[in-house]
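2 protein chains.
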Amino acid sequence: MASIYDQHLDRNQANYQPLTPLTFLERAASVFPEHIAVIHGNLKITYREFYARCRSLASALAQQGVGAGDTVSVMLANTPAMLEVHYAVPMCGAVLHSINSRLDAPVIAFQLDHAESKVLIIDLAFSATIESALSIASVEPLIIDYLDPEFPQQGQQLGRYDYDAMLASGDCNYNWLMPSSEWDAISINYTSGTTGDPKGVVYHHRGAALLANGNVITASIPKHAVYLWTLPMFHCNGWCFPWTISVVSGTHVCLREVRADAIWAALARHEVTHLCGAPAVMSTILAADKTTQPVIEKPIDFFTAAAPPPESVLAQMREAGFNVTHLYGLTEVYGPAVVNDWNQQWESLPTHEQASLKARQGVRYHALEGLEVLDPETMQPVPRDGETIGEVMFRGNVVMKGYLKNKQATDDAFSGGWFHSGDLGVVYPDGYIQLKDRAKDIIISGGENISSIEIEEVLYKHPNVTAVAVVAMPDQKWGETPCAFVELDEHDAVSADALIDWCKQHMAGFKVPGHFVFDAIEKTSTGKVQKFALRERAKSILR
Amino acid sequence: MASIYDQHLDRNQANYQPLTPLTFLERAASVFPEHIAVIHGNLKITYREFYARCRSLASALAQQGVGAGDTVSVMLANTPAMLEVHYAVPMCGAVLHSINSRLDAPVIAFQLDHAESKVLIIDLAFSATIESALSIASVEPLIIDYLDPEFPQQGQQLGRYDYDAMLASGDCNYNWLMPSSEWDAISINYTSGTTGDPKGVVYHHRGAALLANGNVITASIPKHAVYLWTLPMFHCNGWCFPWTISVVSGTHVCLREVRADAIWAALARHEVTHLCGAPAVMSTILAADKTTQPVIEKPIDFFTAAAPPPESVLAQMREAGFNVTHLYGLTEVYGPAVVNDWNQQWESLPTHEQASLKARQGVRYHALEGLEVLDPETMQPVPRDGETIGEVMFRGNVVMKGYLKNKQATDDAFSGGWFHSGDLGVVYPDGYIQLKDRAKDIIISGGENISSIEIEEVLYKHPNVTAVAVVAMPDQKWGETPCAFVELDEHDAVSADALIDWCKQHMAGFKVPGHFVFDAIEKTSTGKVQKFALRERAKSILR
Chain A
1 MASIYDQHLD RNQANYQPLT PLTFLERAAS VFPEHIAVIH GNLKITYREF YARCRSLASA
61 LAQQGVGAGD TVSVMLANTP AMLEVHYAVP MCGAVLHSIN SRLDAPVIAF QLDHAESKVL
121 IIDLAFSATI ESALSIASVE PLIIDYLDPE FPQQGQQLGR YDYDAMLASG DCNYNWLMPS
181 SEWDAISINY TSGTTGDPKG VVYHHRGAAL LANGNVITAS IPKHAVYLWT LPMFHCNGWC
241 FPWTISVVSG THVCLREVRA DAIWAALARH EVTHLCGAPA VMSTILAADK TTQPVIEKPI
301 DFFTAAAPPP ESVLAQMREA GFNVTHLYGL TEVYGPAVVN DWNQQWESLP THEQASLKAR
361 QGVRYHALEG LEVLDPETMQ PVPRDGETIG EVMFRGNVVM KGYLKNKQAT DDAFSGGWFH
421 SGDLGVVYPD GYIQLKDRAK DIIISGGENI SSIEIEEVLY KHPNVTAVAV VAMPDQKWGE
481 TPCAFVELDE HDAVSADALI DWCKQHMAGF KVPGHFVFDA IEKTSTGKVQ KFALRERAKS
541 ILR
Chain B
544 MASIYDQHLD RNQANYQPLT PLTFLERAAS VFPEHIAVIH GNLKITYREF YARCRSLASA
604 LAQQGVGAGD TVSVMLANTP AMLEVHYAVP MCGAVLHSIN SRLDAPVIAF QLDHAESKVL
664 IIDLAFSATI ESALSIASVE PLIIDYLDPE FPQQGQQLGR YDYDAMLASG DCNYNWLMPS
724 SEWDAISINY TSGTTGDPKG VVYHHRGAAL LANGNVITAS IPKHAVYLWT LPMFHCNGWC
784 FPWTISVVSG THVCLREVRA DAIWAALARH EVTHLCGAPA VMSTILAADK TTQPVIEKPI
844 DFFTAAAPPP ESVLAQMREA GFNVTHLYGL TEVYGPAVVN DWNQQWESLP THEQASLKAR
904 QGVRYHALEG LEVLDPETMQ PVPRDGETIG EVMFRGNVVM KGYLKNKQAT DDAFSGGWFH
964 SGDLGVVYPD GYIQLKDRAK DIIISGGENI SSIEIEEVLY KHPNVTAVAV VAMPDQKWGE
1024 TPCAFVELDE HDAVSADALI DWCKQHMAGF KVPGHFVFDA IEKTSTGKVQ KFALRERAKS
1084 ILR
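Protein chains in written order, with the working numbering: chain A, 1 to 543; chain B, 544 to 1086.
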């Protein structure tokens, strides 16, 4: 018999609404209409205007027939338009597909086709790449060109519509759609993964809302915070910060390019309180001309991920006026879902001990229900000894809906009721985890995931290459860069430069290996490449 | 055809977990085990201990056969035990029923029977009332006596078990139960309502988790905040703060009695950052001997509800070192769901204008999806003119599951897809709402809801009373106090004192009217009592 607490106590419109970040903007615009929502160059957009622009775009898209379950792709820099699509696209029921602007045409074409893109909004700066991608793709999305009003870009208009004309055709009072269910998709982000074609990671409204709130809670972001966009929004929807900032009715400071002068100017001019970025952003900030830097009065919170911040960088950042917090996550968990939650007692430890503690990835976000390092065979937790390696696994409401049109990959990723990250790590006695060997084949360069297998496949196609193995090599500027170990055929007449040219023809520039080693490749007795050994060799090359 | 985003992208254990505040404590205890979770007198309890105690109690309750859908009632002061039951009871699947310690025996007996109480945990201070309630009630719950270790109370033990022995019988590593659904009940709170028997407002895990987070967001509560318990936890589960404080791994400072000396001592000793309470708490704080007050270095956030803070109190509170934020809500919306979200620009206005702005109830909590003032006939919003009165209505995830075993009242409350608060208000052009006439029959005295109808019913039973109408009368100390208008029969021989005695025999002391007026009662042509006119008369009595 059902409990008394389950009788006549059902859901209805009054006591149940789908969780969604869309209501966050509605509230901010209603409560603080004149507060500045977005700054871009000399442009300032209030919450009233921001909300009206999002509704106009949503209405215009709906007028074009875009609706529930349709994909709207964008390739945009960190501009106001990029923020607006994060609301406007789901407001008409559609799904936002934000494309990494560093990708090459074939990968973009694959994504457009796979996501069955109906609309493509592009910044003029990327029109050449997009034109080439469209010539390969099968889909024929409606093209909308974004002409940055503050920083005009060179590039050809590809569409019949420009972004502002599109907005003008919409209704700024459009009665936007709540998701029919909080499980509805809100966005898709492609990850290169370790093998094969890119996988489309689908986010839902529930997870986006919960992680947007989760960022506020984890980072103690107060009302009216000022957030600088040093993190590309095409990464995991900017770790959900386009939605997070509405939670606190804060201000977005856009940034087209992550340059030291632009960052320091923004920090000084807009009293920035928070920013995020890969370690490369910290290097950029620190490499700036010290004599022209403004003094930072109140510490600024910097959230970094992708690689542990080195001791020297931490010290320099502190001196420059930043509190650095180390986060960890993957596209599949909406960006950051693990935080190095700092313990007050650690402040009294020697600097180098603090640095090793800070290098750990940490503990689950408040918004994540489960984080474990498990033996993937037995699905049992590894001992908390800081030594036994297992696979980092996630469980909770900020884990993706799954991979689009890829049941097998989805089932594999979720096998045993946990999301398998592919990252290997250990757990310390205090429960903090540390990555020991990142998903074996992924190289993280300047915050970008590069699949070593993708590079290997390209090199394998070269007529003189007989064997190849690509691993990460530490790099001062980018964190990591690909290093290729190559075995050649008996002609033996290929130079590194020739292979670099070959790669450049077949992949995006940032993926091209920075170093080539022509030598026999270590293999196990069963013929498996010993990537661990190769990584050690790649490291030693630098010394 | 289902969208591509709905195919093979279902819920599973890895990507979906019920929202519940129980995981909040698990995380705090795992990440900050040595941080102080609870302070009570000289007692300090770390998160490790707090979590272990909650698990022990949950395990002990489970051993007693308490499980899903069972009610565990408590009548406790703001002690560590009261915090522990907020976790332990739902950890074994049961539902927490926290009884207002100011109620009289018949009402308590009604609640115990109605909620089908299986267990009753009581502070010795309340054992006389409980003994009397148990003599009336039909249920025979298992009784557990709580003997406050820091502030021993007089009173007879009623049960076979005492609280600490019960805990000792449990397993501190108990594998507590996640709710089977986030829609599962977590607690029940009885409200006197305006008519008839008390109604049991059922909360669920989803709403409790979302409002607990919502408090952090709305009040910008940072990590390791220190919270002083001046709000009774039997009110709407302490506005969900027993769960909120775990979100930020903060410290609870318990307080058995809301006395000025105890409050000021706690503020000074524990560096309190946040507290909540009815306006009576502010009066208590301000009435304290100024010469012995410590100086507050950092402003303390005080959240008040139940009545708008008067201008003079606001000024005095600011001077004493408090930021006052005005909240509004009802038991049916988990406590506070509306906030007077302060607008920076208002700081430059004259003080009295600021006070009128602050007197408004405000806008929806971030965690509440909808707040409107609607014409209850047409369900259309009233014009935003600050004048047209409508009924305040709520919609969203922090609205109750419904009233226990009361389908009719639940259906009525949710009619038209909105929760009907019974409160009347207006909307200003900026969207902020203000209550104009509180649910006609409710008197809010010292933060307690008193149903005027309940008092009227008692007075009507007096042999010499022929007509009666009770309304709120402003009161310096309690905010409001009941004022009774009485028409007597021709014998005309009853004094106010006699009626006070009559009331004292039939209701809790705090409900007894503070003033009696023997006069004809204004009625409309259709015979309806004009309570509005009576309230005006009650006000004028004071002048």
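There's no promise every hint is true.
Sample of chain B residues lacking proximity to chain A, with all beta carbon distances greater than 12 Å (derived) [to be verified]: (1) GLN607; (2) GLY702; (3) ASN716.
Straight-line alpha carbon distances no greater than 20 Å define the calculated SDA-like cross-link-like pairs of lysine to any residue that follow [claimed, not checked]: (4) B:LYS766 x A:ASP341; (5) A:LYS44 x B:GLN888; (6) B:LYS948 x A:LYS44; (7) B:LYS950 x A:VAL382; (8) B:LYS1020 x B:VAL1055; (9) B:LYS901 x A:PRO474; (10) A:LYS407 x B:ARG861; (11) A:LYS223 x B:SER723; (12) B:LYS841 x B:THR874; (13) B:LYS948 x B:GLU934; (14) B:LYS901 x B:SER891; (15) A:LYS223 x B:LYS841; (16) B:LYS979 x B:GLN897; (17) A:LYS405 x B:ILE843; (18) B:LYS587 x A:GLN344; (19) B:LYS766 x A:PRO299; (20) B:LYS1066 x B:GLN1048; (21) B:LYS766 x A:GLN344; (22) B:LYS766 x A:GLY431; (23) B:LYS948 x A:GLN344; (24) B:LYS841 x A:ALA2; (25) A:LYS436 x A:ALA520; (26) A:LYS461 x A:ALA520; (27) B:LYS950 x A:GLY431; (28) B:LYS948 x A:GLY431.
Just so you know, the hints here were simulated from the structure itself, not pulled from any lab data. Fair warning: this is a prediction, and the values are worked out from it, not measured in the lab. Glycine included, each C-beta is placed from N, C-alpha and C at the ideal position.
How the hints compare with the structure:
Separation of B:GLN607 from chain A is adequate, the least Cβ-Cβ distance of about 17 Å exceeding the 12 Å criterion. For B:GLY702, the condition that its CB be more than 12 Å from all CB atoms of chain A holds, with the nearest at approximately 24 Å. The beta carbon of B:ASN716 sits about 15 Å from the closest Cβ of chain A, which is more than 12 Å, so the claim that it is off the interface holds. Proposed proximity of B:LYS766 and A:ASP341 is supported: the alpha carbons are some 10 Å apart, at most 20 Å.
Only pairs whose Cα atoms come within 20 Å are accepted, and A:LYS44 paired with B:GLN888 is accepted, the gap being roughly 18 Å. Proposed proximity of B:LYS948 and A:LYS44 is contradicted: the alpha carbons are some 54 Å apart, above 20 Å. At most 20 Å may separate the alpha-carbon atoms for a hinted pair to count; B:LYS950 and A:VAL382 exceed this at roughly 50 Å. Of the pairs offered as hints, the one joining B:LYS1020 and B:VAL1055 holds, with about 15 Å between alpha carbons and a cut-off of 20 Å not exceeded.
Restraint check: the Cα-Cα separation between B:LYS901 and A:PRO474 comes to about 57 Å, which exceeds 20 Å; the hinted pair is violated. Under the criterion of a C-alpha separation no larger than 20 Å, the hint pairing A:LYS407 with B:ARG861 is inconsistent with the structure, at around 60 Å. The straight-line distance between the Cα atoms of A:LYS223 and B:SER723 is roughly 35 Å, outside the 20 Å bound, and the hint therefore fails. For the hint pairing B:LYS841 with B:THR874, the CA-to-CA distance comes to about 32 Å; that exceeds 20 Å, so the pair is violated.
For the hint linking B:LYS948 to B:GLU934, the alpha-carbon distance of about 25 Å lies beyond 20 Å, and the restraint is violated. Proximity of B:LYS901 to B:SER891 is assessed by CA-CA distance (about 14 Å); at most 20 Å being required, the pair is judged to hold. With a CA separation close to 18 Å, the supplied pair A:LYS223 and B:LYS841 stays within the 20 Å bound. The straight-line distance between the Cα atoms of B:LYS979 and B:GLN897 is roughly 18 Å, inside the 20 Å bound, and the hint therefore holds.
Straight-line distance between C-alpha atoms of A:LYS405 and B:ILE843 comes to about 53 Å, which puts the hinted pair past the 20 Å bound. Distance check on the hinted pair: B:LYS587 and A:GLN344 sit about 18 Å apart at the alpha-carbon level, within 20 Å; holds. Restraint check for B:LYS766 and A:PRO299: satisfied, since their Cα atoms lie roughly 16 Å apart, inside the 20 Å limit. Pair hint B:LYS1066 plus B:GLN1048 does not hold up; C-alpha atoms about 29 Å apart against a cutoff of 20 Å.
For the hint linking B:LYS766 to A:GLN344, the alpha-carbon distance of about 11 Å falls within 20 Å, and the restraint holds. Between the alpha carbons of B:LYS766 and A:GLY431 the distance comes to roughly 19 Å, so the proposed pair stays at or under 20 Å and holds. Distance hint between B:LYS948 and A:GLN344 is unfulfilled; the C-alpha atoms sit about 49 Å from each other, more than 20 Å. For a cut-off of 20 Å, the pair hint linking B:LYS841 to A:ALA2 is broken: about 51 Å separates their Cα positions.
Between the alpha carbons of A:LYS436 and A:ALA520 the distance comes to roughly 26 Å, so the proposed pair goes past 20 Å and is violated. Taking the CA atoms of A:LYS461 and A:ALA520, the gap is about 18 Å. The hint holds against a cut of 20 Å. As the CA atoms of B:LYS950 and A:GLY431 are separated by approximately 47 Å, the hinted pair breaks the 20 Å bound. For a cut-off of 20 Å, the pair hint linking B:LYS948 to A:GLY431 is broken: about 44 Å separates their Cα positions.
Going through the hint list in order, the structure does not satisfy hints 6, 7, 9, 10, 11, 12, 13, 17, 20, 23, 24, 25, 27, 28.
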